[in-house]
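Residue numbers for the sequence shown, in our numbering: 1 to 993.
Hint data in this document are derived by calculation from the structure and do not stem from the laboratory.
Don't take each hint at face value.
Said to hold, decoys possible - Mimicking DSSO-like on lysine-lysine, the simulated pairs with C-alpha atoms at most 27 angstroms apart in a straight line are:
(1) K502 with K770
(2) K922 with K989
(3) K837 with K507
(4) K836 with K507
(5) K499 with K952
(6) K248 with K502
(7) K248 with K635
(8) K226 with K130
(9) K129 with K579
(10) K624 with K68
(11) K68 with K499
(12) K502 with K125
(13) K922 with K952
(14) K226 with K507
(15) K579 with K507
(16) K583 with K129
(17) K226 with K502
(18) K502 with K952
(19) K579 with K125
To be verified - Pairwise CB distance ranges, derived in the manner of DEER restraints:
(20) R527 with Q153: 36 to 44 angstroms
(21) R823 with G956: 43 to 51 angstroms
(22) K68 with K768: 25 to 33 angstroms
Don't be surprised by glycine CBs; every beta carbon is placed ideally from N, CA and C.
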Amino acid sequence: MLRRKTTQAPAQGGIGLIDRAARTGVDRRAFLRGSGLAIGGLAAIGATGGTVARADMAEYAVADGVEKIRSVCTHCSVGCTVVAEVSNGVWFGQEPAYDSPFNLGAHCAKGAAVREHAHGERRLKYPMKKVAGAWERISWEQAIDEIGGQMLQIREESGPDSVYWLGSAKHNNEQAYLFRKMAAYWGTNNVDHQARICHSTTVAGVANTWGYGAMTNSYNDIHKSKAIFLIGGNPAEAHPVSLLHILKAKEENSAPLIVCDPRYTRTAAHADEFVRFRPGTDVALVWGILWHIFDNGWEDKEFIRTRVWGMDQIRDEVARWTPEEVERVTGAPGSQLRRVARTLAENRPGTVIWCMGGTQHTNGNNNTRAYCVLQLALGNMGTSGGGTNIFRGHDNVQGATDLGVLADTLPGYYGLSDGSWAHWARVWDEDLDWLRGNFATMVGQGADGADRMMMNETGIPVSRWIDGVLEEAENLDQPANTRAMVFWGHAPNSQTRMKEMKTAMEKLDLLVVVDPYPTLTAVMQDREDGVYLLPACTQFETRGSVTASNRSLQWRDRVVEPLFESLPDHTIMAMFADKFGFKDRLFRNIAIDGAEPNVEDITREFNRGMWTIGYTGQSPERLKMHMANQHTFDKTTLRANGGPADGDYYGLPWPSWGTPEMNHPGTANLYDMSLPVAEGGLTFRARFGVEKDGENLLAEGVASVGSEIQDGYPEFTMQMLQDLGWDGDLTQDERAMIEWVSGLRGARPGEEEVGETSQQGEIPSDYKEKVAGVNWKTDLSGGIQRVAIAHGCAPFGNAKARAVVWTFPDPVPLHREPLYTPRRDLLPQYATYEDKKFWRVPTRYASIQTEDFSKEFPIILTSGRLVEYEGGGDETRSNPWLAELQQEMFVEINPRDANDLGLRDGGDVWVEGPEAGKVLVKAMVTPRVGEGVAFMPFHFGGIFEGRDLRHKYPEGADPYVLGESTNTAQTYGYDSVTQMQETKSTLCKIYAA
1 MLRRKTTQAP AQGGIGLIDR AARTGVDRRA FLRGSGLAIG GLAAIGATGG TVARADMAEY
61 AVADGVEKIR SVCTHCSVGC TVVAEVSNGV WFGQEPAYDS PFNLGAHCAK GAAVREHAHG
121 ERRLKYPMKK VAGAWERISW EQAIDEIGGQ MLQIREESGP DSVYWLGSAK HNNEQAYLFR
181 KMAAYWGTNN VDHQARICHS TTVAGVANTW GYGAMTNSYN DIHKSKAIFL IGGNPAEAHP
241 VSLLHILKAK EENSAPLIVC DPRYTRTAAH ADEFVRFRPG TDVALVWGIL WHIFDNGWED
301 KEFIRTRVWG MDQIRDEVAR WTPEEVERVT GAPGSQLRRV ARTLAENRPG TVIWCMGGTQ
361 HTNGNNNTRA YCVLQLALGN MGTSGGGTNI FRGHDNVQGA TDLGVLADTL PGYYGLSDGS
421 WAHWARVWDE DLDWLRGNFA TMVGQGADGA DRMMMNETGI PVSRWIDGVL EEAENLDQPA
481 NTRAMVFWGH APNSQTRMKE MKTAMEKLDL LVVVDPYPTL TAVMQDREDG VYLLPACTQF
541 ETRGSVTASN RSLQWRDRVV EPLFESLPDH TIMAMFADKF GFKDRLFRNI AIDGAEPNVE
601 DITREFNRGM WTIGYTGQSP ERLKMHMANQ HTFDKTTLRA NGGPADGDYY GLPWPSWGTP
661 EMNHPGTANL YDMSLPVAEG GLTFRARFGV EKDGENLLAE GVASVGSEIQ DGYPEFTMQM
721 LQDLGWDGDL TQDERAMIEW VSGLRGARPG EEEVGETSQQ GEIPSDYKEK VAGVNWKTDL
781 SGGIQRVAIA HGCAPFGNAK ARAVVWTFPD PVPLHREPLY TPRRDLLPQY ATYEDKKFWR
841 VPTRYASIQT EDFSKEFPII LTSGRLVEYE GGGDETRSNP WLAELQQEMF VEINPRDAND
901 LGLRDGGDVW VEGPEAGKVL VKAMVTPRVG EGVAFMPFHF GGIFEGRDLR HKYPEGADPY
961 VLGESTNTAQ TYGYDSVTQM QETKSTLCKI YAA
């Protein structure tokens, strides 16, 4: 019903046919039927003006030769290599890279169509602004001058926090880093990106369990798994190439695949065991499995004793989750969960995989920590074939998160404390007082009447930017409301509360979109002016590094020069910095090649600062060498076997410790003590102190192979090197840098005045005390890391993982009912939190849940991905190859529910949520969803509550396929730690249109 693949002979007329059809009353099926056929007979689109001309590329290849350029797919996080075939500057063909360890010569539908992403006719072609309701073409100079001028005026009137810088998971690492740096120079922490609404609960939950908030192993390492437990994910559609790695383990190891999901997905069709459970009950489900593991003594007792803290408190909570209670709450039978528990216990090592089905909840941090605890109980951490394989959604959402495009961190997950700012000021060669002066101060509004320094305050997360605009100013923990919004590579339809978002957009003084495509931001509001569209080029028109889900960095080469009047994102940032008056400061260590900042210089700058997570060893030269020698890397271990990268892990997955010259190979599997640290081994991170309530938090009598300390130990500082007598291993240059960081030197080493000695004269009597506080995270020389590793130790220490996070609202993960729950009978035991204010905004919990919406809105609504589209869908729905495959937005509804409501398969229905948002979609009647549950994909936009917005797009920039956004009907709800939105378990009613 929803997919039609054309089989007739190609029609004539080319792209123009689609343009004409899109502007007429022809239905989408009709024009796509023609468009897909027409496109099939076309050659490449030229780089000048976007016109289409037929050309025999075979002739070009013979006459001028074909250049094959390696890039990386711009969709999901697998990191598939694309080999682009280019002649005379025109990208005319592509192949998947057979040498790539990640995609092994495979592409999904989206990957196979990425050429059209770059050459697409529906792109923004030049800067535009809205004047009296009409789009006008303007120059880049006019755009930067007008936008920058308005921002500076808003900054003068309301402070720097009144401009919100919304970044992107589509930027490469260098652009993401520069974006966060630019926001810091502007003077705000109101900066965020897509990770807030996809895996922020993962980052918080996982990092607070064992130290780092990322995928611990890799897609490839799943080859060694003996069992695969997948919950809240659908990789067959969301990350199709990843299924190659899952199925390899299933087939070669006879690894049972257990899929837990409220919906029978395409992934579930491959499962040995499918567990259907009620949305929003993940903790109860996992505790139900763990109940059987503990009851039968199947846990790894020695692993828990030596490497885990707090498991006894977990046991106390799990004991309450008897099979009967678990079935009452989740709907999953106890007998089935016992079978699952036994399967996991008898097939070790097993891996746990999750995606947004587990993260997008008001208790999302509880879910992710419960998944981690399951692996700790089974002893599946720090081993090949085990770990938590957390599949990220966008091609560089991992990298953009690592590079600090977040409201609560600087690059490398350095926080917002004075020490973190001082560290980055040293990296940037910046005057810390000058930086501090760019931020606002709320006089007398801090703790105990102290001043509130906004430099040290978390910003408003992107999930709540709406409230930064609409909330009364006195209810916000910042000087004034948000007045300007910059959507830089972000689709608004990926967020909930879209009706309120529309209102917020209309209230802003200034709304700016920077993107290769206009996105729904351009049309969902009814503004007459004050909207600007700036055409960024795609990642295929620039170069730089990108981080796959497994933490490997890959280097993209530029495939073609920027098309139309588009510019690289970092070039646009430089133009804004120039307008704001700090370009020379922002780029003092970065060359400008013409108008474009040098990408390799940006890489080297973040290499000099990101010691915390080991983004320091991946120089541009090493990354380019890896890309050129993909064939030398083992497809399972990811380790090079000979060749110029011999011994390295592919893409130098972080941490790649020390300087590039140290040549650390990267870390394929986090926390694996069976390898020396110098070869990619690691312990759990000592991030939470050495003792809690009189109990030891460090590892008990275990350490990495080759460690000279065969027990737990804290993170390394200069003090620790001195106590161990290892400080003598530091080189003179390393010691000089440590002295400068500690304040013992007035000038950075290498910048001393003539005549200065290495110690600036006499060695102070308090020398050891002065340098003692410099640690592995702030030592710009990398010497402390190098010396620790030379002695076999992990720079970040050797500790136990925390099963209990005492700093979180629920130290032990608890089941709490979704805000919009249909199970009112469970609220006496499993109610949500009390309302509170955090992340600068008031946040509602109990005040929503106390009202019963379940009678009027009886169906649970959840959402997810389709294989054909990605993210907000603007670029993929603008791709004719993909648009033909999926032409209608729809809702899946169970046959019993459909029959009870009088709905027919293929009929038009309204899906309405409790907050008055509703969408007009097609009904897909299917048993994929259980009774009482409905599912909608989240890639659609351009129709708003039944109103077609196609006429509002700039001419020729409307996507081929429009549809309602599920998030128009989605509701309020935010995680108690990260403000992650709740999209997987709200309520709705469905009725015929």
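Comparing the hints with the structure gives:
no.: 1; hint: K502 with K770; result: 54 angstroms, violated
no.: 2; hint: K922 with K989; result: 14 angstroms, holds
no.: 3; hint: K837 with K507; result: 23 angstroms, holds
no.: 4; hint: K836 with K507; result: 25 angstroms, holds
no.: 5; hint: K499 with K952; result: 17 angstroms, holds
no.: 6; hint: K248 with K502; result: 46 angstroms, violated
no.: 7; hint: K248 with K635; result: 12 angstroms, holds
no.: 8; hint: K226 with K130; result: 57 angstroms, violated
no.: 9; hint: K129 with K579; result: 18 angstroms, holds
no.: 10; hint: K624 with K68; result: 15 angstroms, holds
no.: 11; hint: K68 with K499; result: 46 angstroms, violated
no.: 12; hint: K502 with K125; result: 25 angstroms, holds
no.: 13; hint: K922 with K952; result: 23 angstroms, holds
no.: 14; hint: K226 with K507; result: 55 angstroms, violated
no.: 15; hint: K579 with K507; result: 25 angstroms, holds
no.: 16; hint: K583 with K129; result: 25 angstroms, holds
no.: 17; hint: K226 with K502; result: 49 angstroms, violated
no.: 18; hint: K502 with K952; result: 14 angstroms, holds
no.: 19; hint: K579 with K125; result: 23 angstroms, holds
no.: 20; hint: R527 with Q153: 36 to 44 angstroms; result: 18 angstroms, violated
no.: 21; hint: R823 with G956: 43 to 51 angstroms; result: 49 angstroms, holds
no.: 22; hint: K68 with K768: 25 to 33 angstroms; result: 57 angstroms, violated
In summary, the numbered hints that this structure violates are 1, 6, 8, 11, 14, 17, 20 and 22.
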